[in-house]
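For the protein sequence lines, the chains are B and D, in the order given. Going by the numbering used here, the first residue of the first sequence is number 8, and it counts up by one from there. Going by the numbering used here, the first residue of the second sequence is number 10, and it counts up by one from there.
For the record, the hints were derived by calculation from the structure and aren't laboratory data. Wrong hints could be hidden among the right ones.
To be verified - Per the computed footprint, the stretches of chain B lying under chain D, defined by three or more beta-carbons under 8 Å from a beta-carbon of chain D, are: (1) 91 to 98; (2) 127 to 134; (3) 157 to 163; (4) 223 to 235; (5) 253 to 261; (6) 272 to 284.
Said to hold, decoys possible - Computed spacing ranges between beta-carbons, pair by pair: (7) S63(B) x P93(D): 34 to 44 Å; (8) W131(B) x G151(D): 33 to 43 Å; (9) F120(B) x R218(D): 27 to 37 Å; (10) K95(B) x A96(D): 52 to 62 Å; (11) L254(D) x F140(B): 44 to 54 Å; (12) R217(D) x W131(B): 29 to 39 Å; (13) A96(D) x I276(B): 31 to 41 Å; (14) R218(D) x A135(B): 21 to 31 Å.
Said to hold, decoys possible - Only some residues are given here: those of chain D computed to face chain B with a beta carbon under 8 Å: (15) S11; (16) I34; (17) P36; (18) T40; (19) N42; (20) I118; (21) V128; (22) V130; (23) A133; (24) L140; (25) I257; (26) V300; (27) Y302; (28) M310; (29) L313; (30) P314.
Each residue gets a CB set at the ideal place from its N, CA and C atoms; glycine is no exception.
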Amino acid sequence: MRIVLEAAVLGVLTGGVYALMASGLTLIFGVMRIINVGQGALVILGAYLSFALSRSIHLDPFLTLIVTMPVMFLLGIGLQFVFIRPLKTDREALSVLITYAIALGIEGVLGFFFTTNYIELRAWYETASFAIFGFHVTWVYVFGFLLCLAILGALFVLLYRTSFGAALRATMLNRTAAQLVGVDVDRVSALAFGIGVATAAAGGVVFGVTNAFNPGSHYDLISRLLSIIVLGGLGSLRGAIIAALIMLVTTDIAAVVISPVWASFVFFIILVLVLIVRPQGLYGVRVRERI
Amino acid sequence: MSRLRVLKRVGLLAAIVIALILPLIAPDPSTTNLAVFTVMYIGLATSWNIMGGYTGYISLGHAAFFGFGAYSLGLLSNHLNVAPGYAPFLLVPVAGVISGLVAVLIGWIALRTRAATFVIVTIAFMFMGQLLAENLVKLTGGGAGLGFPYPQQWGGDFYNTPFYYAMLALAFLALATSWTIRRSKFGLGLLAIRDDEDKALAVGVPTRRFKLAAFTISAIPVGMIGAVYGYYVTYVYPQFVFDPLIGISMVLMVFLGGLGTLAGPVLGALLLEPAQLQFAYRFGASRLYLVFYAAVFLLVMLFLPRGVVPSVQELLQRRRQELASP
Chain B
8 MRIVLEAAVL GVLTGGVYAL MASGLTLIFG VMRIINVGQG ALVILGAYLS FALSRSIHLD
68 PFLTLIVTMP VMFLLGIGLQ FVFIRPLKTD REALSVLITY AIALGIEGVL GFFFTTNYIE
128 LRAWYETASF AIFGFHVTWV YVFGFLLCLA ILGALFVLLY RTSFGAALRA TMLNRTAAQL
188 VGVDVDRVSA LAFGIGVATA AAGGVVFGVT NAFNPGSHYD LISRLLSIIV LGGLGSLRGA
248 IIAALIMLVT TDIAAVVISP VWASFVFFII LVLVLIVRPQ GLYGVRVRER I
Chain D
10 MSRLRVLKRV GLLAAIVIAL ILPLIAPDPS TTNLAVFTVM YIGLATSWNI MGGYTGYISL
70 GHAAFFGFGA YSLGLLSNHL NVAPGYAPFL LVPVAGVISG LVAVLIGWIA LRTRAATFVI
130 VTIAFMFMGQ LLAENLVKLT GGGAGLGFPY PQQWGGDFYN TPFYYAMLAL AFLALATSWT
190 IRRSKFGLGL LAIRDDEDKA LAVGVPTRRF KLAAFTISAI PVGMIGAVYG YYVTYVYPQF
250 VFDPLIGISM VLMVFLGGLG TLAGPVLGAL LLEPAQLQFA YRFGASRLYL VFYAAVFLLV
310 MLFLPRGVVP SVQELLQRRR QELASP
């Protein structure tokens, strides 16, 4: 019982990180109806950027975000401009392939510069822990969770309290109607893609401090992130956050109760069961017309 | 018009003859090795096209069937103590049936979703297959991999030849299946699903049954090809056959050649696989070949999203119209 509780606590803390990474993914889908299969690779890219920065100028990994998040934001806008905007027809299918190619490109470049050896971001809070109610919690998970909470909070404020957020939500609901009332949907799309990629940078730091990674790590990551947004319902921010928590809590509990190697399999089983009874996901809307 | 058709027939016949006698005219192992992989991708891309091209459902998880096929053949021939040689080839159809059964199960679940969600679900299933192969250690050998019978008697230049003909036979099978479907009422139903699924259902196309049938039919040759591949390389491990790159390669070839056409996947494989092998061979260690691959991919998607075959057809048609009405 004790270890199960401990696993659940850890699941909630790491679930926050996945919620952040998946929120960028689902935001991009909501606004542009494209699936960014490159999100996993962008997370890994963010982790490598933080790694390079923290090693070269001895900055704390979390503080490198001051540099990496704006950089990744601009990178996102650039990627959207060059690769996503030219797609006119059948963008949903083509975007999957294009972003897949972007992921492969990032993997190749990272492999060239950093080799395929596993690395890890180092910081004092990576192993230091504290005890609360008899549970041992490593600081890094708490810091990571707080960081993700802060960024997700900022995202919600941006979406629900600003006029840009209103324009973005309008684009998500109905692109044509938003255009008719004067929303510059191209600009909104570019900014949304940038924001989505910037969240990948933040997710990358926390992922990099809590996991060893190499350029190929994005496959494992993207299969989890995509499963999370399908479980939550494509385009739903709330769904993504809840699905991330469900996923990490179940896999962490399964890891201690059953065995670590079957942990992610348990999550896939949940995904399959949900798809059988509710193909649109937890918070999704059933798609009737072709989008 | 009829001259063009004669020309087409002669070209097709010549291509078939060259394909059949290739190991005789170019027996050196590096050429036949290249031929094995190119013909393999012709079969894979053609099979994928039945689901992705005709029905319009993009599956990025077809590598799952490739993996299931390879593991089926390896496990069967090890457990049945099949002698290395031609005997394991007899088990290839069994591997195909197993992959087909897996496809029915996966399709039954995945085809509840559409469009983007379907793409994601197929990726998830591919990784589930990989996890199964890795975790069922007692059955599959887990991450340590699985060895196949090794046909020692086929030494030297001859080694690649049986595998080449096996792959060629499977590619012909896939092409014949694709051609038959394209000309059948079933194929027409699939095209209707691609164009507008709800309207297709409204006019009486049994969409659920047709989609599941197309998904299964496109998975069976992929499983058989995976089985031959496993036997050819004699040793597989989970990430090697449940490889997302194999899954994406067949998709890219179809898009490059022409989605939903018969010749497109063949052309795409002929253009891309030799280039890919060259790059993997030269820059494999530095992972730079991934960058090359990504670059080709992006260029195709941005400038030729409909593929070579439809673009050329369009060009010919325009030229003909210009000639007809000056």
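So, going through the hints one by one against the coordinates:
Counting residues of the region 91 to 98 of chain B whose C-beta lies closer than 8 Å to any C-beta of chain D gives 4; at least three are required, and the coverage claim holds. Figure legend: the region 127 to 134 of chain B, annotated as covered by chain D; annotation inconsistent (0 residues with Cβ-Cβ distances under 8 Å, at least 3 required). Evaluation of the coverage hint for the region 157 to 163 of chain B: breached, as 0 residues show C-beta separations to chain D shorter than 8 Å, against a requirement of three. Against chain D, the region 223 to 235 of chain B contributes 6 residues with a C-beta closer than 8 Å to a partner C-beta. That satisfies the three-residue criterion, and the hint holds.
Only when three residues or more bring their CB closer than 8 Å to a CB of chain D does the claim for the region 253 to 261 of chain B stand; here the count is 0, and the claim is violated. Chain D is given as covering the region 272 to 284 of chain B, and this holds because 6 residues of the stretch bring a CB closer than 8 Å to a CB of that chain, at least three being needed. Taken as a hint, the range 34 to 44 Å is violated for the pair S63(B) and P93(D), whose Cβ atoms sit roughly 54 Å apart. Between W131(B) and G151(D) the beta carbon distance is about 37 Å. The supplied range of 33 to 43 Å therefore holds.
A hinted range of 27 to 37 Å for the beta carbons of F120(B) and R218(D) is inconsistent with their spacing of about 51 Å. Between K95(B) and A96(D) the CB atoms are about 53 Å apart, so this pair conforms to the stated range of 52 to 62 Å. Here the CB-CB span from L254(D) to F140(B) is close to 47 Å, well matched to the stated 44 to 54 Å. At roughly 57 Å, the beta-carbon separation of R217(D) and W131(B) lies outside the given 29 to 39 Å, and the hint is violated.
Between A96(D) and I276(B) the beta carbons are some 37 Å apart, a value that agrees with the proposed interval 31 to 41 Å. R218(D) and A135(B) have their C-beta atoms about 59 Å apart, which leaves the hinted 21 to 31 Å range violated. A cut of 8 Å between beta carbons decides the hint on S11(D): the least distance to chain B is about 35 Å, and the hint is violated. For I34(D), the interface hint is violated, the least distance from its beta-carbon to any beta-carbon of chain B being 35 Å, above 8 Å.
At its closest, the beta carbon of P36(D) sits 35 Å from a beta carbon of chain B; the interface hint therefore is violated under the 8 Å criterion. Hint status for T40(D): violated, given a least beta-carbon distance of 28 Å to chain B, over 8 Å. Checking N42(D) against chain B: minimum C-beta separation of about 24 Å lies over 8 Å; hint violated. For I118(D), the interface hint holds, since its Cβ comes within 8 Å of a Cβ in chain B; the closest pair sits about 6 Å apart.
Because the smallest distance between the Cβ of V128(D) and any Cβ of chain B comes to about 5 Å, under 8 Å, the interface hint for this residue holds. The beta carbon of V130(D) is positioned within 8 Å of a beta carbon in chain B (closest approach about 7 Å), and the interface hint is therefore held. Evaluation of the A133(D) hint against chain B yields a held restraint, the C-beta minimum of about 5 Å falling below 8 Å. Residue-level restraint check for L140(D) holds (minimum Cβ-Cβ distance to chain B is 5 Å; threshold 8 Å).
The criterion of a C-beta within 8 Å of any C-beta in chain B is met by I257(D), whose closest approach is roughly 6 Å, and the hint holds. With 8 Å as the threshold, the beta carbon of V300(D) comes within range of chain B, its nearest partner Cβ sitting at about 4 Å, so the hint holds. Checking Y302(D) against chain B: minimum C-beta separation of about 6 Å stays under 8 Å; hint holds. The restraint placing M310(D) at the interface with chain B holds, with a minimum CB-CB distance near 5 Å, inside the 8 Å limit.
Because the closest C-beta pair between L313(D) and chain B is about 11 Å apart, greater than 8 Å, the hint is violated. For the restraint placing P314(D) at the interface with chain B, the shortest Cβ-Cβ distance is roughly 6 Å, inside the 8 Å limit, so the hint holds.
Consistency note: the structure conflicts with the earlier hints numbered 2, 3, 5, 7, 9, 12, 14, 15, 16, 17, 18, 19 and 29.
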